[in-house]
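Trainee: Sequences listed follow chains A and B, in order. Quick note on our numbering: the first sequence kicks off at 1 and runs consecutively. Quick note on our numbering: the second sequence kicks off at 1 and runs consecutively.
Since the hints were derived computationally from the structure, they do not count as laboratory data. Cβ atoms here follow ideal geometry from the backbone N, Cα and C, with glycine treated the same way. Please note that a few of the clues may not be correct.
[To be verified] Computed spacing ranges between beta-carbons, pair by pair: (1) B/E61 <-> A/P35: 20 to 30 Å; (2) B/E81 <-> A/A41: 43 to 53 Å; (3) A/E128 <-> B/P6: 24 to 34 Å; (4) A/V79 <-> B/C45: 46 to 56 Å; (5) B/L79 <-> A/R80: 31 to 41 Å; (6) B/D13 <-> A/G50: 22 to 32 Å; (7) A/P35 <-> B/E81: 44 to 54 Å; (8) A/P35 <-> B/E37: 17 to 27 Å; (9) B/D36 <-> A/E127: 41 to 51 Å; (10) A/D75 <-> B/L79: 44 to 54 Å; (11) B/E139 <-> A/E128: 39 to 49 Å; (12) B/A85 <-> A/P35: 37 to 47 Å; (13) B/K74 <-> A/E2: 36 to 46 Å.
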Amino acid sequence: MELSATDRRLLAELERGLPLVPRPYALLGARVGLPEAEVMARLRRLRDGGVVRRFGLVVRHRRLGYRANAMVVWDVPEVRVRAAGLRLAALPFVTLCYRRRRHPAWPYNLYCMIHGRVRAAVEERIEEASRLAGLRSCPRRVLFSRRCFKQTGARYFSAPGAPAHAGPGP
Amino acid sequence: MARLDPTTRRLLDEFQHDFPLDPRPFRVIGERLGLDEAAVLDLLCELQEAGIVDRVGAVLEPGRVGASTLAAMKVPPELLEGVAALVSAYPEVNHNYEREDAYNLWFVVTAPTPARLRAVLDDIADRTGIPVVELPLVEAFRLDLGFPLSWS
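Next up, chain A with everything else stripped away, as it sits in the complex:
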């Protein structure tokens, strides 16, 4: 689906989060010049159209005790990477799974995230994932996270130079 200028303005306003007030869509609408019902209708359309993949609470897992978080990467032959990625993505404990472009300094092309509270349990799941996705013969690296320096929502609109700034401000 195509995004209109109004949709962009609405998503830009939403980047900071839905206001925690009794009628948040009315407030959002007041900021972008839309009636409440129109805000809800547009958000529903954006969600049904797949532009908004998820609309809801964004939870910070580290604060809930999930501190053993591994990014696992594999170097998979191109002909096999898609099938392996789909198999990985189907595992309930895999939270993210992407194919990325290789780099001369970093030849890995398949990425997933596995989160947990205990490192040994995550390590077991990594082995299980490798086996179930048929990746045991592929070069692999496991990168547990250490410090989180920054974690916020993506700012597609409100970063400097964003087109949304041309619209009416808050």
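Assemble the complex: chain A is given as a structure, and chain B must be docked to it using the hints.
Mentor: Only chain B this time, still in chain A's reference frame:
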């Protein structure tokens, strides 16, 4: 971390998706959880203050709006803190983690245009003198679909 009561757990579990598109969404949530609207709002404010909930927000499909990439740097350990702070200071950087690898700094850059993305990546490399390895998305097999919490 403080233990969370069952109602809070349900709030965190059940509303990462399909947040109610109703004029009074917090009242709808309250009806499901057995709380009144004001109590739901209070609880969400508390969770936000405690850093457990970042926001009620929309996660957009990558590539539909703007431009983004994962990036990695191999930073000498004694410089890591300073380089990490420099990287985090860009509003375009939304994740920035130290990871256990020679490539020890991993971050995501998201910008309204490919040109702005390019400028941020070049700027980081210029200012630190450390190459930035760009690892853009080719295909998503599983996107941010929320975080299934297990409370055991």
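Trainee: For the pair B/K74 and A/E2, does the Cβ-Cβ distance stay inside 36 to 46 Å?
Mentor: Check passed, 41 Å falls within 36 to 46 Å.
Trainee: Just to be sure I understand the hint, the distance between the Cβ atoms of B/E61 and A/P35 should be within 20 to 30 Å; is that true here?
Mentor: holds, 26 Å
Trainee: Cβ-Cβ distance between A/P35 and B/E37: within 17 to 27 Å?
Mentor: holds, 21 Å
Trainee: Assuming the hint says 44 to 54 Å, is it satisfied by the Cβ distance from A/P35 to B/E81 or not?
Mentor: holds, 49 Å
Trainee: Are B/D36 and A/E127 spaced within 41 to 51 Å by their CB atoms?
Mentor: holds, 48 Å
Trainee: Taking the beta carbons of A/V79 and B/C45, is their distance inside 46 to 56 Å?
Mentor: The hint (46 to 56 Å, Cβ to Cβ) holds, given that A/V79 and B/C45 are roughly 51 Å apart.
Trainee: Is the distance from the Cβ of B/A85 to the Cβ of A/P35 consistent with 37 to 47 Å?
Mentor: holds, 43 Å
Trainee: For the pair B/E81 and A/A41, does the Cβ-Cβ distance stay inside 43 to 53 Å?
Mentor: holds, 47 Å
Trainee: Between B/E139 and A/E128, does the beta-carbon spacing fit 39 to 49 Å?
Mentor: violated, 23 Å
Trainee: Could you say whether the range 24 to 34 Å given as a hint is met by the Cβ separation of A/E128 and B/P6?
Mentor: Check passed, 30 Å falls within 24 to 34 Å.
Trainee: Does 22 to 32 Å hold as the CB distance between B/D13 and A/G50, or does it fail?
Mentor: holds, 24 Å
Trainee: Measuring from beta carbon to beta carbon, are A/D75 and B/L79 in 44 to 54 Å?
Mentor: violated, 28 Å
Checked against the numbered hints above, the structure breaks hints 10, 11 and satisfies the rest.
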